[in-house]
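Given next are the chains, with one letter for each unit.
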Amino acid sequence: MKTELEAIQAEALEALKDVNSLDTLESLRIAYFGRKGKLTDVMKGMGQLSNEERPIIGKLGNEVRAALTEAFEAAKNALESQQQEQQLEAESIDITLPGRKPAYGKAHPVMQTLERIEAIFMQMGFQVVTGPEVETEHYNFDALNTPPDHPARDLHDTFYLTDGHLLRTHNSPVQIRAMENQKPPVRIIVPGKAYRVDYDVSHTPMFHQVEGLLVDKHVTFSELKGVLVSFARQMFGDQTQMRFRPHFFPFTEPSAEVDISCTMCRGKGCRSCGHTGWIEILGAGAVDPEVFRAVNYDPEEVTGFAFGMGVERIANLQFRIPDIRTFYENDLRFLHQF
Amino acid sequence: MNVTQNWLKTYIDFDFSPDKLAERLTMLGIEVESVKQLGAALEGVLVGKVDAIRPHPNADKLVLCQVDIGETDALQIVCGAPNVYEGMFAPVATIGTALPTGITIKRAKLRGEESHGMLCSEKELGISDEAAGLMELSSDLSIGSPLTEALGLDDVIFELEITPNRPDCLSMIGVAREIRAETGNDLKLPQVNGQEGEADINELTSVIIDDPDLCPRYAARVIRGVKVGESPAWLKQRLESIGVGVINNIVDITNFVLMEYGQPLHAFDYHKLTENRIVVRCAAENEQIKTLDEEERNLIPDMLVIADAEKPVALAGIMGGYDSEITEITCDVLLESANFQPSSVRATAKKLGIHTEASYRFERGADPEAVIPALDRAAQLIAELAGGTLCEDVIDVYPGRREPLQIQLRAERVNFILGTTLETNEIEQILSRLGFNVEASQPEENIYQITVPSFRGDITREIDLIEEIARVYGYDNIPTALPKGDIPIPAPNISVEVRRRIKHFLLGSGMMESVNYSFCHPNCFDKIRLAADNSLRDTLKLRNPLSPEMSILRTTLLPSLLENAQHNHNHQIDNITLFELSTVFIQGAEPARVAGILAGEIGEGVYGNPHRSPDFFDIKGTVEGVLDVCGTTDYVFKKTDDPTFHPGRNAEVLLENKRIGILGEAHPKVLESYELPYKAYLFELDLEALADAADFSKRFEPIPIYPSVLRDLAIVVDQEMQSDMPIEIIYSTGGELVESVRLFDVYVGDQVPEDKKSLAYTITYHSATETLTDTAVNDLHDKVVKQLNQELGAKLRM
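Protein chains in written order, with our numbering: chain S, 1 to 338; chain X, 1 to 798.
Each hint should be verified, as a subset may be incorrect.
Here are the computed distance ranges between Cβ atoms for each label pair [what the hints assert, rightly or not]:
{"hint": "1", "chain 1": "S", "residue 1": "Thr96", "chain 2": "X", "residue 2": "Leu654", "range": "44 to 54 Å"}
{"hint": "2", "chain 1": "X", "residue 1": "Glu230", "chain 2": "S", "residue 2": "His275", "range": "35 to 45 Å"}
{"hint": "3", "chain 1": "X", "residue 1": "Tyr322", "chain 2": "S", "residue 2": "His275", "range": "22 to 32 Å"}
{"hint": "4", "chain 1": "S", "residue 1": "Asp157", "chain 2": "X", "residue 2": "Gly87", "range": "52 to 62 Å"}
{"hint": "5", "chain 1": "S", "residue 1": "Gln241", "chain 2": "X", "residue 2": "Thr327", "range": "49 to 59 Å"}
{"hint": "6", "chain 1": "X", "residue 1": "Pro490", "chain 2": "S", "residue 2": "Gln241", "range": "24 to 34 Å"}
{"hint": "7", "chain 1": "X", "residue 1": "Trp234", "chain 2": "S", "residue 2": "Gln241", "range": "21 to 31 Å"}
{"hint": "8", "chain 1": "X", "residue 1": "Ile494", "chain 2": "S", "residue 2": "His138", "range": "23 to 33 Å"}
For the record, the hints were derived by calculation from the structure and aren't laboratory data.
Beta carbons: idealized from backbone N, C-alpha and C, even for Gly.
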């Protein structure tokens, strides 16, 4: 019996070598371990053995069974892995086929710029305030120290409405409204649309501005410089240089136009900056005492500064669109670029 | 205005390079827009004289010229110009000269004859396009001198932008004064020592000012026996260098002094003035004047004119009259130098549409104290250059004389406003250099009494002086600091939050943001088929629109979005998904709206993500999403008869029975108006109403512990039945055990009877307190089915 068992083991192990599918493996398993299997048959003869032989042969039988079981398991695992690999290979795809991209929209490029400007000033404690676009002469001009026969009114070509109102030419009227409604300190920015009679490659009749106003007991021109320098560094990069030039606005005194070092040539001089190295980005100044008087603030008790910038202009420092009227065609090929 | 370096240097010394001067002026607030070196490219070009001409031995069209350039030997130059003649003065480009055309002159042999330079045309020198012959030079030029110098081209032109508050800088002397503030150098003003003749002006003419408010000062001189003719070269050069046209010596002198002092002058032909006298008055009814530009002007009574005894002879401060102008036969001149009220000049110039160098200055405010120096200067130049005799005395009617303005200045206030630490002596020095008289009125408190010079009409307050100090001290020298004050606490603003959430949602849903003009064409309401009495037609209108397309303010965003769709379709872009957040304009208010459009095709149109046409439920889902992100839940969609939309495919959005917006498929006639070949789906919602209804308060709800049980249910109902009716019944019958009901299929076809449809729902049953047993769910579900049958006649579809 011992010889028989050893022969079965050798024969089975030999047969396993030729197995190449799970089906043949199963048939082979039944041929040895099944109810009428060879190993089962041999083990059935155990009962005829002597008491001395039985434990020895029994032990051997168990060893053969364990060895064969292990060999069958291993063969099965190998075949399963092989089969899975084949299946995976069959499932291979062309990964250059297009991805199924979830649709996502984009904010308008002018709005993207406006929101960046807002975020920078909000970090500095400025509150966002808005106001009407249809305005009166009083808020748009008179309260801003620009009386009717003042030549400064020529600076803005104004759209008038048939009912005597006008479209604000800047966002400054909101500063007046804010000061009328609130006691100092005031620290606001006013984003929004403004209008001027102008239509060419660098002007649209409607455009966006962000104006700012800070009023408190003691606000200096130095602080105006500080706020705008922080803004420029965040907006245009921390290497940005800034230049304040004296200028004239009726509602600020002293007034300044503010330039940044050219974003194209970093101040060396190129075509974009007219070879000056500088690009004008905004107007600013200390709030004129007449403006404070118009809102019943006492110019001896408070001081302040104001600034204003054109969003399209700032957007276009980055985007370099040759005709800014393109912003308002809403051509989807254009909108998708930003 | 333009100034030139050489001209400025006659009034003040400075040794800035042109670029440095431009930078300093800019940093003083006089922005230099351009710097142009006139003769930069003409180095090596000299004034030459053609002494002799011989024929070229080997060429018919060429000649050999002996040209004197002031050296011992004349140059031989080969020339082919038709206009060359012996004795001609012409520009000579010597060997080594690089001409603006890019040619560099070398010694050359032309057809065997040596040529030591080139005689030039104006085109070759870049002076003009004249190329027909040599540039002929005046024979009084010095032979051998550099051409740029001889022609006054060795100069630099600065184009200045003068802000409206600084009329004093609209002159050479004014700009020189700014350079004085920068350098501290003294001004060199023209010396006037006019030799007066014997005739007394007071016997020849008189001046009456009828309206002293509009004419604070009027001065006149008379010069007799002038010879009107061409101006001398230096005077023509000066005027031409800044782009002022040359007319005749008298007019040129008035223009020269205008540019020098900023004081407009006018010369009348004395004998063309009726009774030879001047009356400054307002125009009479129906008066007319023919101005120098030969236009007949109708005058109205608030226009100030200069008149003689019977008629207007000039528009005060704007333009002279044609009939009294200086002509070749003028012999005696009455020269006017006056000051006019700015707003009156401005109003008249605007009404008549005439804008001149004179009106430009008077509108902004001229210096009343410049009237006499400018008059004397011009009178002397006329006497010198036009050979006349200056009459004795000057007429100077000056009803508007004012004491110089005095302003108190606190040195502490200067530093308080600017954030600087300026010393009092720095402040004193800056103001003195600007021409202010500085007197320490209360020295122990650093308080000054500042006297403002007459040319600085813009300085009336302490803050104006502080600005002067700041700009001369230099804005760049003012230290930079961050604000120290308290940061105010802003009030919460729900509409900002609503806008932000809606925008994020719409962008996330794949829509692109558009921004449109607030203007629109009045016909847009017809295009979207609004009823004649629709209140949206009640618009604000522009008095001065750019075009009909931009003549009213929009009351709805929908036409703009339809136009965007049209534009894109016309450019073959048909995946139209756009939204806009903006205010609209109704009488007395500017409510904010959000609107959107879906049209053409959505989806990427690639394998695996094909294009498809949007439908009503895309736009409805978008609106539902907008409402959801605002936290509003109690909204209802209800069909309307809004003519903009397909009558069966639209809905208004109701919140507590109030209409807050509309959505739907655009009516085919609307699509036709915008030339869209496919359906378009639109929505527009009132942001204010959304902000009012918005609810961002959130409370935690426990995650269900017990499992849910799902049951599908398909029922057959009448085709007209709205799909939400069974849902209401399911909820009301099932009570709190019905967690949700989801419609997952709608079927019409062979499997159901005609006029019927099948609706299939998934009902989720759930209890918060126990695991529902099958029996309990089955009982409840049966009840629901029964109820549907009873109330709606719904039959279970098997």
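Against the structure, test the hints numbered earlier, and report the numbers of the ones violated in rising order. As far as the earlier hints go, 3 and 7 are violated by this structure, in ascending order.
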